[in-house]
Amino acid sequence: GAGVSQSPSNKVTEKGKDVELRCDPISGHTALYWYRQSLGQGLEFLIYFQGNSAPDKSGLPSDRFSAERTGGSVSTLTIQRTQQEDSAVYLCASSLAEGSRYGYTFGSGTRLTVV
Amino acid sequence: AQSVTQLDSQVPVFEEAPVELRCNYSSSVSVYLFWYVQYPNQGLQLLLKYLSGSTLVESINGFEAEFNKSQTSFHLRKPSVHISDTAEYFCAVKYGGSQGNLIFGKGTKLSVKP
Chain A
1 GAGVSQSPSN
11 KVTEKGKDVE
21 LRCDPISGHT
31 ALYWYRQSLG
41 QGLEFLIYFQ
51 GNSAPDKSGL
61 PSDRFSAERT
71 GGSVSTLTIQ
81 RTQQEDSAVY
91 LCASSLAEGS
101 RYGYTFGSGT
111 RLTVV
Chain W
1 AQSVTQLDSQ
11 VPVFEEAPVE
21 LRCNYSSSVS
31 VYLFWYVQYP
41 NQGLQLLLKY
51 LSGSTLVESI
61 NGFEAEFNKS
71 QTSFHLRKPS
81 VHISDTAEYF
91 CAVKYGGSQG
101 NLIFGKGTKL
111 SVKP
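Chains A and W supply the protein sequences, listed in that same order. For the first sequence, the residue numbers in this note's numbering are 1 to 115. For the second sequence, the residue numbers in this note's numbering are 1 to 114.
Worth double-checking, as some hints may not be accurate.
Cβ-Cβ distance ranges computed for the label pairs, FRET-style [said to hold, decoys possible]:
#	chain 1	residue 1	chain 2	residue 2	range
1	A	E14	W	F14	37 to 47 Å
2	W	V11	A	Q84	28 to 38 Å
3	A	P55	W	G96	11 to 21 Å
Chain A residues, not near chain W, derived (Cβ > 10 Å throughout) [claimed, not checked]:
#	residue
4	F65
5	R101
6	S108
What the simulated footprint calls covered on chain A by chain W, stretch by stretch (three residues with Cβ under 8 Å from a Cβ of chain W suffice, anywhere in the stretch; the number is not a length) [stated by the list, open to error]:
#	segment
7	30–43
8	48–62
Derived from the structure by calculation, the hints contain no laboratory data. From a predicted model like this one, the values you see are computed outputs, not experimental measurements. Beta carbons: idealized from backbone N, C-alpha and C, even for Gly.
Using the sequences provided together with the hints, build the complete structure.
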């Protein structure tokens, strides 16, 4: 596609429920990143996929968070047993293999509200 | 630990005044440096980047940033701001090579008043 597409754009969920957030990267981009943007906290790195390599999960805040990337394209971020502190905007970005050298293309994000 | 510090969380300024948004990073042998901008209710967009070569880099809308290795800084400047520059600005750093993730600062909200 022309850009990075994320869905849903907004999600309200009850505490304790599981949620899935989807990211469709730019076609041909081998690298995909998930970040979380909380008020006043900037962007917090969550996870990074590069081609067929094992993902870098070093930023996931707890074992309730997981992500997968199927066929080297679409990625899904899953949050189990959501908590109120999970409320944030979840951003996905993609890039060419050397994308950290040239910067990322970000999606518009999914605003998650846990009530 | 690798980090990026944006010293000012908010910068209010009048239209046509100059502005500087500060960014410092923890020292490293090699870094790539970026500024991203997020306009209200929009996603992040790349504003400018430093990879190598000239330490002064410019964007198409009049912003510039200078890589200062000795001070480990990459401050963003504009000599005369417009109302339309109101946005949040994020400094980001890639440490050591081109693979892997960017580390972002906490952002600076630039508010331009008439």
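For each hint, the structure was consulted:
1. E14/A - F14/W: 37 to 47 Å: For E14/A and F14/W the Cβ distance comes to about 45 Å; the hint holds.
2. V11/W - Q84/A: 28 to 38 Å: Since V11/W and Q84/A have Cβ atoms about 31 Å apart, the given range 28 to 38 Å holds.
3. P55/A - G96/W: 11 to 21 Å: 19 Å, holds
4. F65: Consistent with the label, F65/A stays out of reach of chain W, its closest Cβ about 15 Å off (over 10 Å).
5. R101: 4 Å, violated
6. S108: 4 Å, violated
7. 30–43: holds (count 6)
8. 48–62: With 4 residues in contact (Cβ-Cβ under 8 Å with chain W), the coverage given for the segment 48–62 of chain A holds.
Going down the numbered hints, you'll see the structure goes against 5 and 6, while the others check out.
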